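> So the chains spell out like this:
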Amino acid sequence: ETGVTQTPRHLVMGMTNKKSLKCEQHLGHNAMYWYKQSAKKPLELMFVYNFKEQTENNSVPSRFSPECPNSSHLFLHLHTLQPEDSALYLCASSQTGVHGYTFGSGTRLTVV
Amino acid sequence: SQQGEEDPQALSIQEGENATMNCSYKTSINNLQWYRQNSGRGLVHLILIRSNEREKHSGRLRVTLDTSKKSSSLLITASRAADTASYFCATDKGAQGGSEKLVFGKGTKLTVNP
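Protein chains in written order, with this note's numbering: chain A, 32 to 143; chain B, 1107 to 1220.
If you are wondering where the hints come from, they were derived from the structure by calculation, not from laboratory data.
A couple of the hints might just be wrong.
[Said to hold, decoys possible] In silico SDA-like pairs for lysine to any residue, Cα to Cα no more than 20 Å straight-line: (1) LYS1212(B) to ARG139(A); (2) LYS71(A) to GLN1115(B); (3) LYS71(A) to LYS1199(B); (4) LYS1212(B) to ASN1144(B); (5) LYS1207(B) to PRO39(A); (6) LYS1199(B) to LEU76(A); (7) LYS1199(B) to GLY131(A); (8) LYS50(A) to GLY131(A); (9) LYS71(A) to ARG1142(B); (10) LYS1207(B) to THR86(A); (11) LYS71(A) to LYS1175(B); (12) LYS1212(B) to MET77(A); (13) LYS71(A) to VAL1150(B); (14) LYS1207(B) to GLU75(A); (15) LYS1207(B) to ASN88(A); (16) LYS50(A) to GLN113(A); (17) LYS71(A) to SER1192(B); (18) LYS1212(B) to GLU1111(B); (19) LYS72(A) to GLY1146(B); (20) LYS1215(B) to ARG1168(B); (21) LYS1212(B) to SER69(A); (22) LYS1199(B) to THR86(A); (23) LYS72(A) to LYS1215(B); (24) LYS1199(B) to THR133(A); (25) LYS1207(B) to LEU1154(B); (26) LYS1212(B) to ALA70(A); (27) LYS83(A) to ASN101(A); (28) LYS1176(B) to SER1134(B); (29) LYS67(A) to ARG40(A); (30) LYS1132(B) to ALA1188(B); (31) LYS1175(B) to GLU1161(B); (32) LYS67(A) to PRO39(A).
Computed from a predicted structure; not experimentally measured.
Isolated chain A, as found in the complex (with noise of 0.2 Å):
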């Protein structure tokens, strides 16, 4: 265990499904950020969240949809999503003035 918790593991989804992918840290981060990372690919960044305010969104497509109540949770809400968006997602987190990210395990999603 890192600190950081992604549930669930696996997710198998079709097209048409709502789903939510949830992050919790428990290091007291004040930073939080979903990557994605899809076979023979560099990790893509898609969302930061300071201070439970987003700071960056990198042209994420709004069937992606993401929501932080806190600095400690962070939630990744999927809806229509295409089977090009299967891929292994993960949740980071980070303190300013300490580098360095923590990163969760990932979920591996399939769309089918």
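Starting from the known structure of chain A, arrange chain B on it as the hints suggest.
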């Protein structure tokens, strides 16, 4: 936009040998970090080197940074089968508004054969 780019893409060595991975980047940075990822899992932070540092050690890891060439290398000495993983470099331009914004490369897949 992609910042770090590792090479080689894949590296296979025998246990006990040293493994060297390289990373090149394009723009100025505040620091460069290396991460490790076991198959299908999250990334683990290994080591950070600041832009004003040239070399850093941590256990069997040695990282160098050449800002004039915009490149870094990660050396793992006396490799073990348990070092088998993918290794990523990530560049940080500096905290913006209190949060980092790391840009990762595609990674080097290291296989250490027993």
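> A separate judgement is required for each hint: does it hold in the structure or not?
A quick look at each hint next to the structure:
no. : hint                     : verdict
1   : LYS1212(B) to ARG139(A)  : 18 Å, holds
2   : LYS71(A) to GLN1115(B)   : 10 Å, holds
3   : LYS71(A) to LYS1199(B)   : 24 Å, violated
4   : LYS1212(B) to ASN1144(B) : 14 Å, holds
5   : LYS1207(B) to PRO39(A)   : 25 Å, violated
6   : LYS1199(B) to LEU76(A)   : 14 Å, holds
7   : LYS1199(B) to GLY131(A)  : 13 Å, holds
8   : LYS50(A) to GLY131(A)    : 29 Å, violated
9   : LYS71(A) to ARG1142(B)   : 16 Å, holds
10  : LYS1207(B) to THR86(A)   : 10 Å, holds
11  : LYS71(A) to LYS1175(B)   : 25 Å, violated
12  : LYS1212(B) to MET77(A)   : 16 Å, holds
13  : LYS71(A) to VAL1150(B)   : 19 Å, holds
14  : LYS1207(B) to GLU75(A)   : 11 Å, holds
15  : LYS1207(B) to ASN88(A)   : 12 Å, holds
16  : LYS50(A) to GLN113(A)    : 13 Å, holds
17  : LYS71(A) to SER1192(B)   : 12 Å, holds
18  : LYS1212(B) to GLU1111(B) : 6 Å, holds
19  : LYS72(A) to GLY1146(B)   : 14 Å, holds
20  : LYS1215(B) to ARG1168(B) : 18 Å, holds
21  : LYS1212(B) to SER69(A)   : 10 Å, holds
22  : LYS1199(B) to THR86(A)   : 15 Å, holds
23  : LYS72(A) to LYS1215(B)   : 13 Å, holds
24  : LYS1199(B) to THR133(A)  : 18 Å, holds
25  : LYS1207(B) to LEU1154(B) : 14 Å, holds
26  : LYS1212(B) to ALA70(A)   : 9 Å, holds
27  : LYS83(A) to ASN101(A)    : 5 Å, holds
28  : LYS1176(B) to SER1134(B) : 8 Å, holds
29  : LYS67(A) to ARG40(A)     : 14 Å, holds
30  : LYS1132(B) to ALA1188(B) : 32 Å, violated
31  : LYS1175(B) to GLU1161(B) : 14 Å, holds
32  : LYS67(A) to PRO39(A)     : 15 Å, holds
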